[in-house]
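**Q** Sequence:
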Amino acid sequence: MKTQILLIIVAAIFAGCNNDKQSDTGVVIKGTLSSNSTKSSGLKSTSSLADATKVLVFNSSGGYNFFNISDNSFAAKAQSGTATAIAFLKEDNSYIGCLTTGGLNVLPLVSLRDGENTIIDLSTLTLDGTSVIPANNPIGDEIGLSQEEIERFQQLGTFFGSLSENIDSDSDGEPDILSNKAIYISTIFDIYCGKWGLDNTPPQINDPADFYVNYWMRVSGGKELISSDQSITLSGPEGNPYSDIMQAHYSVAPDCFIAFFRRETQAPQGYPFGSAFLPFNNGKYTVTLNNKNYSLNYSNVDVDYFFVLAEPTIHTNANNEVVSVSVEYRDRNGELVNPENFVYQTMIQLNGSNFNQICQIGTIWENPEAKTNTELYNFEVQNPFPLSQLNGVTVCYLDLVGNAYNIGYIK
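Its first residue numbered 1, the sequence shown is counted upward by one per residue in this note's numbering.
Note that these hints are calculated values from the structure, not bench results.
Among these hints, one or two may not hold up.
To be verified - Here are the computed lysine to any residue pairs in the SDA-like style, where the Cα-Cα straight-line distance is at most 25 Å:
| hint | residue 1 | residue 2 |
| --- | --- | --- |
| 1 | K77 | S94 |
| 2 | K284 | F189 |
| 3 | K284 | L234 |
| 4 | K195 | S388 |
| 5 | K223 | K195 |
| 6 | K284 | Y215 |
| 7 | K411 | D210 |
| 8 | K411 | N391 |
| 9 | K54 | D170 |
| 10 | K54 | S80 |
| 11 | K195 | N180 |
| 12 | K195 | G352 |
| 13 | K223 | L178 |
| 14 | K411 | D331 |
| 15 | K411 | N341 |
As the list claims (entries may be wrong) - Derived DEER-like restraints, expressed as beta-carbon distance ranges:
| hint | residue 1 | residue 2 | range |
| --- | --- | --- | --- |
| 16 | N320 | S251 | 17 to 27 Å |
| 17 | N354 | N240 | 38 to 48 Å |
| 18 | Y377 | D71 | 17 to 27 Å |
| 19 | Q389 | N68 | 49 to 59 Å |
| 20 | R113 | S179 | 44 to 54 Å |
| 21 | E151 | Y250 | 29 to 39 Å |
| 22 | N137 | Q389 | 45 to 55 Å |
| 23 | S227 | E264 | 21 to 31 Å |
A virtual CB, placed ideally from N, CA and C, is assigned to each residue, including glycine.
Take the sequences, apply the hints, and build the full model.
**A** Dropping the structure here:
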């Protein structure tokens, strides 16, 4: 396996890059505002929740929608299967605060009690700084996660905090997403952990201590931020900046740009990738576009938190041709887990010699509204090909908060 695997994946993931409004369907989230005031140290100086006239519901894919507040109450809707943030705004769209519950700055809309028909009643909401606290914490009730799963989400609190804190990266007092200037920052993990399964032979997974991981930072932004000269720089973290950040890729689509950054170091002997890329520490980073700086909070979610072993098995026909791929999801102890509580989308790439892609099944980074790729378990090959041509399998999945895991397997 070589670093070229990223270039293969870039073409596959580029479709999911927009800031379209999400439809007015999905899970109902409602609440009633209290009138307490607070002094906040964030985007605005002094705010009262009673000043809120609308809520902004958005997720890490860029989908968003407004819902009005009437008589101090609101009823919003959000897409299931996403990690959804809810911001409270004044009439001029200036920011008051973001929903915080159960130690999280987002609602993981998974394991819903009544599926798409679930109604989440937050009850009375109060303001503490820029955190909007509900009297009713739905996590564990309407959102039926196990205690172990809740603890895993709570460990991601810094990441969810970053999602809400980055709502106004240019500090103009208005959520960036409303002017197509939103910037999203996440991590790509390239992971090698064993050999794929074949028909009745299960995958062979290495000892977790022997997993190899390369790290990339992914930065994407709305169309109003597209640089005329494709120039983008990344610096940070604040207080202890790196001197080895390199831009690895930059692409432009009608609705956005995507850039990848890495920190390269000498690969140790036996390393399965061509190069070794170091992780980025937590902290505040600066993205510079068109001679303007944008401040972003970044949380390098440890690969342990949302990483589940997406283990592929290749299935062949009587002609020894590859016809399908099935995927099981396990934790590092080998126990089966429910991927729908952590995985948003899964994509399969089947590669031949010299990393030439034979076929790709599915896509990731797709807007939740599209719903063209909802399969997590069974992937059919449209044009079967000889097993002898297959040299590499990559299971790519996107977690609920926008991090990508490219898990590579060999023969």
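**Q** Each hint: holds or not?
**A** Here's how the hints hold up against the structure:
Between K77 and S94 the CA atoms are separated by roughly 21 Å; this keeps the pair inside 25 Å, and the hint holds. Proximity of K284 to F189 is assessed by CA-CA distance (about 20 Å); at most 25 Å being required, the pair is judged to hold. Distance check on the hinted pair: K284 and L234 sit about 11 Å apart at the alpha-carbon level, within 25 Å; holds. Simply put, K195 and S388 have alpha-carbon atoms about 15 Å apart, close enough for the 25 Å limit, and the pair holds.
For the suggested pair K223 and K195, the alpha carbons sit about 41 Å apart, so the restraint of at most 25 Å is broken. In summary, the hint linking K284 to Y215 is supported, as the alpha carbons are separated by about 18 Å, within the 25 Å threshold. As the CA atoms of K411 and D210 are separated by approximately 17 Å, the hinted pair is consistent with the 25 Å bound. Between K411 and N391 the CA atoms are separated by roughly 6 Å; this keeps the pair inside 25 Å, and the hint holds.
This hinted pair checks out: K54 and D170 have alpha carbons roughly 21 Å apart, not beyond 25 Å. For the hint linking K54 to S80, the alpha-carbon distance of about 21 Å falls within 25 Å, and the restraint holds. Distance hint between K195 and N180 is unfulfilled; the C-alpha atoms sit about 43 Å from each other, more than 25 Å. In summary, the hint linking K195 to G352 is supported, as the alpha carbons are separated by about 15 Å, within the 25 Å threshold.
About 12 Å separates the Cα atoms of K223 and L178, which keeps this hinted pair within 25 Å; it holds. For the hint linking K411 to D331, the alpha-carbon distance of about 22 Å falls within 25 Å, and the restraint holds. Distance hint between K411 and N341 is unfulfilled; the C-alpha atoms sit about 30 Å from each other, more than 25 Å. At about 38 Å, the CB distance of N320 to S251 disagrees with the hint of 17 to 27 Å.
In this structure the hint that N354 and N240 lie 38 to 48 Å apart at CB holds, the actual value being about 40 Å. In this structure the hint that Y377 and D71 lie 17 to 27 Å apart at CB is violated, the actual value being about 45 Å. Taking the beta carbon of each, Q389 and N68 are about 57 Å apart, inside 49 to 59 Å as hinted. Separation of R113 from S179 is about 36 Å and departs from the stated range, judged on CB atoms against 44 to 54 Å.
Taking 29 to 39 Å as the suggested C-beta distance range, the pair E151 and Y250 conforms, at roughly 38 Å. A beta carbon spacing of about 52 Å between N137 and Q389 agrees with the range 45 to 55 Å that was offered as a hint. Taking 21 to 31 Å as the suggested C-beta distance range, the pair S227 and E264 conforms, at roughly 23 Å.
Consistency note: the structure conflicts with the earlier hints numbered 5, 11, 15, 16, 18 and 20.
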